Structures are given as C-alpha cells and as structure tokens.
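Asker: Numbered per our numbering, the sequence shown spans residues 57 to 357.
Among the clues, some could well be false.
In the DMTMM-like style, the derived pairs of lysine to aspartate or glutamate whose C-alpha atoms are separated by at most 20 Å in a straight line are [said to hold, decoys possible]:
hint, residue 1, residue 2
1, Lys193, Glu169
2, Lys256, Glu281
3, Lys158, Glu122
Taking CB as the label site, the calculated pair distances span [to be verified]:
hint, residue 1, residue 2, range
4, Thr124, Ile173, 47 to 53 Å
5, Ile173, Gly297, 52 to 58 Å
6, Gly345, Ala244, 18 to 24 Å
7, Tyr152, Glu204, 30 to 36 Å
8, Gly297, Glu204, 40 to 46 Å
9, Asp282, Glu183, 47 to 53 Å
Because the hints were derived from the structure by calculation, they are not lab data. Predicted, not measured: the structure shown is a model, and the values here were computed from it. C-beta atoms are modelled at their ideal positions from N, C-alpha and C, and glycine is treated no differently.
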Amino acid sequence: MIRGVIMVKIKVLKETEEKMQLLLSETDRSLANALRRTLISDTPKMAIDSVRFQLGTKEQDGEVWETTGPIPDEMVAQRLAMVPIPTMHDKFHFQYECPNCKDLVEADRGCLECQMIYTCVVFGDEEGKWVTAGDMKYLGEESLEIPEHYKSIPITKLLKGQMIEFYATAIMGRGREHTKWSPVCGVAFQPRRIGVINNKTKAKILWDMDLETTAKDFDKSGKLEDVDKVSTLALELNHVGEGTEETREFNDAITLEEVPGEYIFEFETDGSMSPRAAFEKASEELAKGFFALESDLSDAL
C-alpha cells in the first residue's frame, strides 16, 4: 500500500471467514485511523434500499390469507436493510456509475449491473412461523443468495391466516450515507507492544502464580513478541499491578513497551463480504483519496 512514496508493510496475523487481524508496520497512527474510517464509511457494499410489499388477501387451499403481521411494514424494511447481502465488487456498480443507468433520472435507474432483487412469500401457521433471511430468494445466480450462516436471521413471525409477500431491492452504497452500507464492525487498532523482563529475580513473583505466561515464553534477551501471548501477559500483569499486595515488591519487573511505527489492526465483517475483500477495497478507496488530494494540491499550487 502506498502513501505518497511511503510503503506501509502489512502482515496478516489471523484470518477467518468473518474476522481479520493485521500487523501494520513502518506507518503512523494517522494512517491506521484513516484505514479504520475508510473501512467503516467508504467501502462499497450492497444493502437493501427499498421494499415493495404486496398488500391484500389471497385464497389458497381453501384458506384465506391476509398480508398482516405483528410488526409494521416499516419495521420489517428496517430489519431487511441490515441483512448481509453478498457483495461482488466486480459484478455490480453504483447506480450513478452504472454504464446502463448513469444517464437516467434516479427514479428510473436499476438494471442487472447495479441492483439485486430478492423476493419472499411466507405463510403463517398455528404455532407461529418465523420469517427469516433464508426465505428471501434472489432473482438471479444462486451464488448471490443470502449466505447459509445468516439465513436464520429473524425478520418477523406469522400466525395462521397471516402472510407476507415482498420484493426487496439492494443497491451499492457507502457507510457514510447510512450504516446499512457499512460492511464492518468492531474496527480497532492499537500500538503493538512487547513484553520485557527488567528484573529476572522479581519476575519470579508472576511465574509463581502459575498463570499461562511463563519465563520460557521470553527469548534470550528477555523479550516476548508473540501478539497473542503479549495480550495474555497484559491481563496477567494485573495480578501484580496497582492495588495488589505484590505491586511494590514486583516493581515493574516485567513491563510492556510499544514498538514504534507498528500497530495491531483488527475488525470483523457483517457477512456481506470476506474480511480480505473489505480490507483490499478499503485500501483501494483510501489510495484513490490520497491520489485525488495530491492532484488537487498540485493544481492549486
């Protein structure tokens, strides 16, 4: 990743389907915070923006069903907006950038390249039928159905005689416009720290407590650099910190020191895209912002 002429080193420490932990090095707090803000506010994401409810009654198998439910349609729409919609940045455009729709008025925009349409028809039963995200069917490729892990998200509950039928349209947006378009949560960063033994004799006070961290975790120079073990050590130092009987005798025999220019960066996604896709897109958006700013400054000067 480039910031002017400065290369920022990025190392993936942990990665799952929903979470990612990274080590940023040779950088500063301002860039780490810029990445955080870009992930939250500027990373493009698909989300349901409008819902058309079919109202009325329907007769089926001798039963009469009415489109009523326990909660208002507006509340159902709010819940639908927060359902993670699979986001493929290479398949869909913002409506105002869509090659087919960008020249149309906003009300007329919408095609296979800038919107996704889901339909849902569910009938209630005597015990109460849950309507979930999995009941929404995408009018298109199966790969763009709601991810299996999120199909159990509840939307509403219907009793016998009640039904719901709607068409939901998802479009691309950014978190700065509405939180439904923010693909991440729990975005945070902190300076990377390492554990340092300052007094081997007094450090034995902590070892004698038979906690998870031991002297063997430190290298020959008395340092502990493993990120997870440092996090554990930080918690265990509370046993000999301020407010404990051991604090005076321990006297900072082991301390945590920040590593200049290095930050632990972590976040999780809402399921609309993988953490790697979100981070790569955020990096791309941030780079565009830097280049645009550089260009504007050059023109002004």
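Asker: Next step is simple, just say for each hint if it's right about the structure.
Answerer: Here is how each hint holds up against the structure:
1. Of the pairs offered as hints, the one joining Lys193 and Glu169 holds, with about 18 Å between alpha carbons and a cut-off of 20 Å not exceeded.
2. Restraint check: the Cα-Cα separation between Lys256 and Glu281 comes to about 17 Å, which is no more than 20 Å; the hinted pair holds.
3. The straight-line distance between the Cα atoms of Lys158 and Glu122 is roughly 39 Å, outside the 20 Å bound, and the hint therefore fails.
4. The hinted range of 47 to 53 Å is not satisfied by Thr124 and Ile173, whose Cβ atoms lie roughly 24 Å apart.
5. With their beta carbons about 57 Å apart, Ile173 and Gly297 fall inside the hinted range of 52 to 58 Å.
6. As the Cβ distance of Gly345 to Ala244 is approximately 21 Å, the hint placing it in 18 to 24 Å holds.
7. For Tyr152 and Glu204, the Cβ-Cβ distance of about 32 Å falls inside the hinted range of 30 to 36 Å, so the restraint holds.
8. Taking the beta carbon of each, Gly297 and Glu204 are about 45 Å apart, inside 40 to 46 Å as hinted.
9. The hinted window of 47 to 53 Å between Asp282 and Glu183 holds, with their beta carbons roughly 52 Å apart.
Violated hints, in rising order: 3 and 4; the structure is consistent with all others.
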